[in-house]
Amino acid sequence: MAAFRSFWNSPMGPKTTHFWGPVANWGFVISGLADTQKPPELISGNMTSVMCIYSVLCMRFAWMIRPRNYLLLVCHASNESVQLFQLSRWAKAHGNFFTADLVGNEREGTKL
Numbered sequence: 001m002a003a004f005r006s007f008w009n010s011p012m013g014p015k016t017t018h019f020w021g022p023v024a025n026w027g028f029v030i031s032g033l034a035d036t037q038k039p040p041e042l043i044s045g046n047m048t049s050v051m052c053i054y055s056v057l058c059m060r061f062a063w064m065i066r067p068r069n070y071l072l073l074v075c076h077a078s079n080e081s082v083q084l085f086q087l088s089r090w091a092k093a094h095g096n097f098f099t100a101d102l103v104g105n106e107r108e109g110t111k112l
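Heads up, the sequence shown is in the UniProt record's numbering, so the first residue is 1 and it goes up one at a time.
Be a bit skeptical, because a hint or two may be false.
[To be verified] No farther apart than 25 Å at their CA atoms in a straight line, the calculated lysine to aspartate or glutamate pairs in the DMTMM-like style are these:
#, residue 1, residue 2
1, LYS92, ASP35
2, LYS38, GLU80
3, LYS92, GLU80
4, LYS92, GLU41
[To be verified] Here are the computed distance ranges between Cβ atoms for each label pair:
#, residue 1, residue 2, range
5, MET1, GLY45, 47 to 55 Å
6, GLY27, ALA3, 25 to 33 Å
7, SER6, LEU42, 23 to 31 Å
8, PHE4, LEU42, 25 to 33 Å
9, LYS15, TRP63, 37 to 45 Å
10, SER6, TYR54, 26 to 34 Å
11, PRO39, ALA3, 44 to 52 Å
12, ARG5, GLU41, 36 to 44 Å
13, TYR54, PRO14, 48 to 56 Å
14, TRP8, LEU33, 27 to 35 Å
15, TRP8, ALA91, 39 to 47 Å
16, ILE65, GLY45, 24 to 32 Å
17, PHE4, LYS92, 23 to 31 Å
For the record, the hints were derived by calculation from the structure and aren't laboratory data. Every value quoted in this text rests on a predicted model; they were computed, and no experiment measured them. All C-beta atoms in this analysis are idealised placements derived from N, C-alpha and C, irrespective of residue type, glycine included.
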């Protein structure tokens, strides 16, 4: 009971936004994971890029504030991973990655 009371009254406990903010942000991660089952043509490259930048900025914020908000840090690190995976799917679908054909042309002496 003392451990629960300590958590309840802590600066990171459920009475603060330091707890409920990260809990709500897990929705981004869950949504991104659900989107991995959809075709990559439906992914918005702009929005996914913005989500990557947002997560990096929030990870820095979670690390710099006192007390450090590890729950927010883990949440946005997870979101960053999911969004980077989505961004790679989008880039592959739009042909933005190098392919083996380009490497083959370089070996034949063709300049790109």
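Evaluation of the provided hints:
Between LYS92 and ASP35 the alpha-carbon distance is near 16 Å, which keeps this suggested pair within the 25 Å criterion. About 18 Å separates the Cα atoms of LYS38 and GLU80, which keeps this hinted pair within 25 Å; it holds. Our distance criterion of 25 Å between C-alpha atoms is met by LYS92 and GLU80, whose separation comes to about 18 Å. Distance hint between LYS92 and GLU41 is fulfilled; the C-alpha atoms sit about 10 Å from each other, no more than 25 Å.
The supplied range of 47 to 55 Å is met by MET1 and GLY45, whose beta-carbon atoms lie about 51 Å from each other. Between GLY27 and ALA3 the Cβ separation comes to about 28 Å, which falls inside the hinted range of 25 to 33 Å. Separated by about 46 Å at the C-beta atoms, SER6 and LEU42 break the suggested range of 23 to 31 Å. Against the hinted window of 25 to 33 Å, the Cβ-Cβ separation of PHE4 and LEU42 comes to about 44 Å, which falls outside the hint.
Take LYS15 and TRP63: their Cβ atoms lie about 23 Å apart, and the range 37 to 45 Å is violated. The hinted window of 26 to 34 Å between SER6 and TYR54 holds, with their beta carbons roughly 32 Å apart. Distance hint check: the CB atoms of PRO39 and ALA3 are about 47 Å apart, consistent with the given range 44 to 52 Å. Checking the proposed 36 to 44 Å range against ARG5 and GLU41 shows it is violated: the Cβ atoms sit about 52 Å from each other.
For the pair TYR54 and PRO14, the supplied restraint of 48 to 56 Å is violated, since their beta-carbon distance comes to about 24 Å. At roughly 30 Å, the beta-carbon separation of TRP8 and LEU33 lies within the given 27 to 35 Å, and the hint holds. Between TRP8 and ALA91 the beta carbons are some 45 Å apart, a value that agrees with the proposed interval 39 to 47 Å. For the hinted restraint 24 to 32 Å between ILE65 and GLY45, the CB-CB distance of approximately 31 Å keeps it satisfied.
Range check, PHE4 to LYS92: Cβ separation about 47 Å, and the 23 to 31 Å hint is violated.
When held up to the earlier numbered hints, the structure conflicts with 7, 8, 9, 12, 13 and 17 and fits the remainder.
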